[in-house]
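Protein sequence lines, in the order shown, are assigned to chains A, B and C.
Heads up: the first sequence begins at 1 in my numbering, then just goes up one per residue.
Heads up: the second sequence begins at 1 in my numbering, then just goes up one per residue.
Heads up: the third sequence begins at 1 in my numbering, then just goes up one per residue.
Hints should not be assumed to be uniformly reliable.
[Unchecked claim] Looking from chain C toward chain B, a few residues come up when the C-beta cut is under 7 angstroms (computed):
(1) A77
(2) E79
(3) K97
(4) D126
(5) N127
(6) G234
(7) K235
(8) V239
(9) V266
(10) V294
(11) F318
(12) F323
(13) D341
(14) I342
For the record, the hints were derived by calculation from the structure and aren't laboratory data.
All residues carry an ideal CB built from backbone N, CA and C; glycine is no exception.
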Amino acid sequence: MSKPRVAIFDFAGCEGDQLQIVNLEEGVLDVLGQVEIVTWREAMKEQSDHYDIALVEGSITRKGDEERIKAIREKAKILVAIGACATIGGINCIKNFQDEKFVRRYVYGDKAHWYNTYAARPVSAVVPVDANVHGCPINREEFVQVLKALLQGKKPFIPDYPVCVDCKKAGNVCVLLKGQFCMGPVTRAGCGACCITEGAYCWGCRGLVDDPNMDAARELLGRFGISAGEALGQIRLYDGYGEEAR
Amino acid sequence: MGSPSPYLPGLATIMKIEEQTAMEKLFVVRPNDGKPLGHKPGQFVEVSVFGVGECPISVSSAPNKKADFEICVRRAGNVTNALHNLKAGDVIGIRGPYGTHFPVEDLKGKDLLFVAGGLGIVPLRSFINYVLERRKDYGRIIVLFGARTPADRLFKAEIASLARRPDLEYLETVDVGDASWKGNMGVITTLFPKFTIDPKKTYAIMVGPPVMYRFAIAAARAKGLADDHIIVSLERKMKCGLGKCGHCQMGPVYVCQEGPVFNFAAIKNLEEALS
Amino acid sequence: MGGDMNLAIIEKEGLHLFVAELLRRKNTVVGVKDQSAVSSIPGDSGFYTYAPINSPEELTLSFDVTLIPPKKYLLPAYEQLLTFNLSPGSIKADAPKEELIVFGVHPYDIIAINQMDKVFSTVPQDNHYLERRKRTTIIGVDPVKIAPRAFWSSMGADTVAGGFDLMLTDIGQCYVMEVGSKKGASLLKMAPKTREAAPAEVKERDKVRTEARKRCDANRLSFSYLELPSLLDGKEEHVIWEEKSHLCFSCGTCNLVCPTCYCFDVRDDVSIDLKKGSRYRTWDGCLLSDFAQVAGGGNFRGHRADRYRHRFYRKGQFIYRRFGDIACVGCGRCSAQCPSDIADPIAVFNRLKEGI
Ligand SMILES: Cc1cc2nc3c(=O)[nH]c(=O)nc-3n(C[C@H](O)[C@H](O)[C@H](O)COP(=O)(O)OP(=O)(O)OC[C@H]3O[C@@H](n4cnc5c(N)ncnc54)[C@H](O)[C@@H]3O)c2cc1C
Ligand code: SF4
Ligand code: SF4
Ligand code: SF4
Ligand code: SF4
Ligand code: SF4
Ligand code: FES
Numbered sequence: 001m002s003k004p005r006v007a008i009f010d011f012a013g014c015e016g017d018q019l020q021i022v023n024l025e026e027g028v029l030d031v032l033g034q035v036e037i038v039t040w041r042e043a044m045k046e047q048s049d050h051y052d053i054a055l056v057e058g059s060i061t062r063k064g065d066e067e068r069i070k071a072i073r074e075k076a077k078i079l080v081a082i083g084a085c086a087t088i089g090g091i092n093c094i095k096n097f098q099d100e101k102f103v104r105r106y107v108y109g110d111k112a113h114w115y116n117t118y119a120a121r122p123v124s125a126v127v128p129v130d131a132n133v134h135g136c137p138i139n140r141e142e143f144v145q146v147l148k149a150l151l152q153g154k155k156p157f158i159p160d161y162p163v164c165v166d167c168k169k170a171g172n173v174c175v176l177l178k179g180q181f182c183m184g185p186v187t188r189a190g191c192g193a194c195c196i197t198e199g200a201y202c203w204g205c206r207g208l209v210d211d212p213n214m215d216a217a218r219e220l221l222g223r224f225g226i227s228a229g230e231a232l233g234q235i236r237l238y239d240g241y242g243e244e245a246r
Numbered sequence: 001m002g003s004p005s006p007y008l009p010g011l012a013t014i015m016k017i018e019e020q021t022a023m024e025k026l027f028v029v030r031p032n033d034g035k036p037l038g039h040k041p042g043q044f045v046e047v048s049v050f051g052v053g054e055c056p057i058s059v060s061s062a063p064n065k066k067a068d069f070e071i072c073v074r075r076a077g078n079v080t081n082a083l084h085n086l087k088a089g090d091v092i093g094i095r096g097p098y099g100t101h102f103p104v105e106d107l108k109g110k111d112l113l114f115v116a117g118g119l120g121i122v123p124l125r126s127f128i129n130y131v132l133e134r135r136k137d138y139g140r141i142i143v144l145f146g147a148r149t150p151a152d153r154l155f156k157a158e159i160a161s162l163a164r165r166p167d168l169e170y171l172e173t174v175d176v177g178d179a180s181w182k183g184n185m186g187v188i189t190t191l192f193p194k195f196t197i198d199p200k201k202t203y204a205i206m207v208g209p210p211v212m213y214r215f216a217i218a219a220a221r222a223k224g225l226a227d228d229h230i231i232v233s234l235e236r237k238m239k240c241g242l243g244k245c246g247h248c249q250m251g252p253v254y255v256c257q258e259g260p261v262f263n264f265a266a267i268k269n270l271e272e273a274l275s
Numbered sequence: 001m002g003g004d005m006n007l008a009i010i011e012k013e014g015l016h017l018f019v020a021e022l023l024r025r026k027n028t029v030v031g032v033k034d035q036s037a038v039s040s041i042p043g044d045s046g047f048y049t050y051a052p053i054n055s056p057e058e059l060t061l062s063f064d065v066t067l068i069p070p071k072k073y074l075l076p077a078y079e080q081l082l083t084f085n086l087s088p089g090s091i092k093a094d095a096p097k098e099e100l101i102v103f104g105v106h107p108y109d110i111i112a113i114n115q116m117d118k119v120f121s122t123v124p125q126d127n128h129y130l131e132r133r134k135r136t137t138i139i140g141v142d143p144v145k146i147a148p149r150a151f152w153s154s155m156g157a158d159t160v161a162g163g164f165d166l167m168l169t170d171i172g173q174c175y176v177m178e179v180g181s182k183k184g185a186s187l188l189k190m191a192p193k194t195r196e197a198a199p200a201e202v203k204e205r206d207k208v209r210t211e212a213r214k215r216c217d218a219n220r221l222s223f224s225y226l227e228l229p230s231l232l233d234g235k236e237e238h239v240i241w242e243e244k245s246h247l248c249f250s251c252g253t254c255n256l257v258c259p260t261c262y263c264f265d266v267r268d269d270v271s272i273d274l275k276k277g278s279r280y281r282t283w284d285g286c287l288l289s290d291f292a293q294v295a296g297g298g299n300f301r302g303h304r305a306d307r308y309r310h311r312f313y314r315k316g317q318f319i320y321r322r323f324g325d326i327a328c329v330g331c332g333r334c335s336a337q338c339p340s341d342i343a344d345p346i347a348v349f350n351r352l353k354e355g356i
């Protein structure tokens, strides 16, 4: 059996260092030794090249993106959305920001970004997606898990429970007990609660679980003096598209 | 470890695969140690596809002196899909048999009303064939079989020969027919007006999807069957089959231990049993 | 000293030496530490956790409650059960090999371990758990600090008769050390500066315990915990389940931090070349939305309120009917760590008792 051919595409992606993520993925792909990477993304032609698995980064932000992603979908046997921008749309990934002032600026700032232009949306809003590798940035281990599952022909295990589960297994002190707030209780697990383990809190970069308890989330944020509008902003920060859709 | 792991499956080889419908395949499985499973009708095994996972599957063949046994699997997710992708000669893992079985001994001499909805025929087939191998030990036998559409009917050839038997009454229906379907249409309870029973002598044995039970039980009660004359087999999520993982709980009951076969009278007041 | 000492006295300094001796003999000892010492997050100070210790100084015996109960050593958050080759198919079981001394376990947590022992030794036995249990030495300690949300005093969990190898009680200048097993007796022989406890010291231990119990009574069940199974009868439709679960995140925290919760999921993992793999189990919880969900999307406990209720029935009635134990020992971990503060068993049970 010849090795599955993998192509990487990117759309409107991280404002952070995209290349780093791509390098990470390709590094992982090399380690896997199970696949053949067919083209460097810059040189990629959606229409002509032959590939089995398409890894798609970035969100769909323009009408023109739609045609491109549809062409990719048609060619690829398996299409995987990689990273928060691709999986949940969100704002474009901003890595490692833990700065509360930024959030406030964001929440209170020009919201036009959300409503005027063609709102950024996840890949799945335009074409069916076979698997999502959530996170901003993605978790390398999870990426490998997903790829292995796809190569085995199985549906990857993507948790549909909150980050709190990972957080408990990691043995962390819940930041709520320390008077900080946290998006963990409504955010999809799978990252191992890495931010909490490292002393921060969860910003919700993996998007919401399928059935988040938004009443409880509002109540929780309210306890920290954050209003419903701000709470919504918190969610929009990463899962704006999903939130609007709801 | 001083004692063996209860999670360690025995290896088994797929001897034969038969496509039943677009969704279901029948597998003939032979344990590599050559020993018969030793199951009773209604019990299940945990089937492993290594690297994919494990899931509970009913044994569909009647107990037998031979090592070969049969399972019939609907593709529903990872493990079942993986099973469908295997071919004869491939090796899988088997643990079990687990769970309670149909009360084959207690029912000797009784009239039996089998109610099989969809995949429910799979475990019932084990019992029906068991009874037919000992036909004179049991009283009257009525088999009701309901499928969604004609294309979803399992064990077509076997069922056809069943239907021809003089010592058994066979009635079937499909929810939705097609151009070629000449038989009954409607849910399985629409078959109940078509026969009479002696409720004192008769036991109903029902296996089907969760929605079936409430209606089928009401229909059986309407025929005068007491609750302890109704036997059901219930499905729950299962991760261990050993009464440990907690997934199969139904109130205080662990379905993998006290079930899957239950006397309806024993569970009818359980909050979560048949909702 | 006497060979059959059942209640010994060990000086504080002696205890120090005892721990040092255990470490010197290459035992793996886990004990309670301040979380900040483990996580390096300064704000984590004041929370406690079990972690390996390398010197007696690292050990805390005056903790109130740990974040995660010692079950993590008996039923690890992730535990490999089997390893296999994909083709040709072959498979073998993984056996736990480490010996472990858990130093400093409160009575309520020992009771929880005793309950787990029952669950996993019920036929069909779970030998993975039992093997780990056999290889684990438990050194208990009576609480001196009471966790703000603890209510073990009203759950019959203030003292424990068995399940430990040694049990320590701080009576001021020294500890009373009770021997609970043969293993404990031989460990005691390793301990320097021990002597048989005098009757007055045994009385002092009673006093210390009564004192702690009284302080723990600040939160309490308003009735005898043995009434729980009958109290819960017929309360399935009570408004409290809907009302309280309205704020439930289905986050499973109340399950995962509970010393008596033992549910798990089983998953397969494969190596990077897809040739080998392992099967492991990992903590699961009945509050998580897909806990009872089967292929095709059917969910036998699809409603938040049903899951929320299930846990309280498990604690107060189901486990009792199955194993004869009330499956809440009053550690207060769920109460303290639930993000919506709706998991507190006494809040729910007392309200059911009031009948409103
Ligand atoms: C006692 C019993 C007997 C059964 N007999 C048969 C049979 O004869 N033929 C057949 O086709 N199916 C049968 N099933 C259903 C079958 O077990 C599920 O379809 C199967 O578990 C789906 O697993 P999966 O990995 O393919 O799906 P996934 O959706 O990938 O499942 C993930 C995991 O969830 C668990 N799970 C999901 N659905 C179920 C379920 N319905 N029951 C129990 N666990 C579940 C499994 O542990 C599985 O590994 C039976 C179920 C039970 C409880
Ligand atoms: S810190 Fe956040 S993710 Fe962790 S348990 Fe608390 S709320 Fe959940
Ligand atoms: S803890 Fe939250 S913010 Fe951090 S990686 Fe996980 S989901 Fe993203
Ligand atoms: S800890 Fe609280 S919010 Fe989380 S599942 Fe339990 S009751 Fe619900
Ligand atoms: S239910 Fe809560 S208080 Fe009771 S033992 Fe479990 S975690 Fe502790
Ligand atoms: S309360 Fe829930 S998670 Fe805990 S043991 Fe019971 S069923 Fe399992
Ligand atoms: S399947 Fe694990 S307890 Fe029943």
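* Status of the N127(C) interface restraint (C-beta, 7 angstroms, chain B) -> Hint on N127(C): holds, closest Cβ of chain B at ~4 angstroms, below 7 angstroms.
* To do: Verify the interface restraint on I342(C): the C-beta must sit less than 7 angstroms from at least one C-beta of chain B.
  => Hint violated; I342(C) Cβ to chain B Cβ min 21 angstroms, cut 7 angstroms.
* Against chain B, run the beta carbon of K97(C) and see if the smallest gap drops under 7 angstroms. => violated, 9 angstroms
* Should the interface hint for V239(C) be scored as holding, given a Cβ-Cβ cut-off of 7 angstroms against chain B? -> violated, 16 angstroms
* To do: Report holds or violated for the interface hint on K235(C), using the least CB-CB distance to chain B and a cut-off of 7 angstroms.
  => violated, 10 angstroms
* Double-check D341(C) for me: the hint is only fine if its C-beta lies closer than 7 angstroms to a C-beta in chain B. => Violated - the Cβ of D341(C) stays beyond 7 angstroms from chain B, reaching only about 25 angstroms at its closest.
* With chain B as the partner, please determine if E79(C) meets the hint condition of a C-beta pair closer than 7 angstroms. => The hint is violated - E79(C) has no Cβ within 7 angstroms of chain B, the shortest such distance being about 11 angstroms.
* Asked: Holds or violated: is the Cβ of V266(C) closer than 7 angstroms to a Cβ in chain B?
  -> holds, 5 angstroms
* For the hint on F318(C), does the least C-beta distance to chain B fall short of 7 angstroms? -> Since chain B brings a Cβ to about 4 angstroms from F318(C), closer than 7 angstroms, the hint holds.
* Asked: Is the hint on G234(C) kept, meaning its closest Cβ partner in chain B is under 7 angstroms away?
  -> With Cβ-Cβ at 10 angstroms, over 7 angstroms, it is violated.
* So, D126(C) near chain B? Judge it on the closest CB pair being under 7 angstroms. => holds, 5 angstroms
* Does the interface hint hold: is A77(C) within less than 7 angstroms of chain B, judged Cβ to Cβ? -> Hint violated; A77(C) Cβ to chain B Cβ min 15 angstroms, cut 7 angstroms.
In terms of the numbered hints stated before, the structure departs from hints 1, 2, 3, 6, 7, 8, 12, 13 and 14, listed from lowest to highest.
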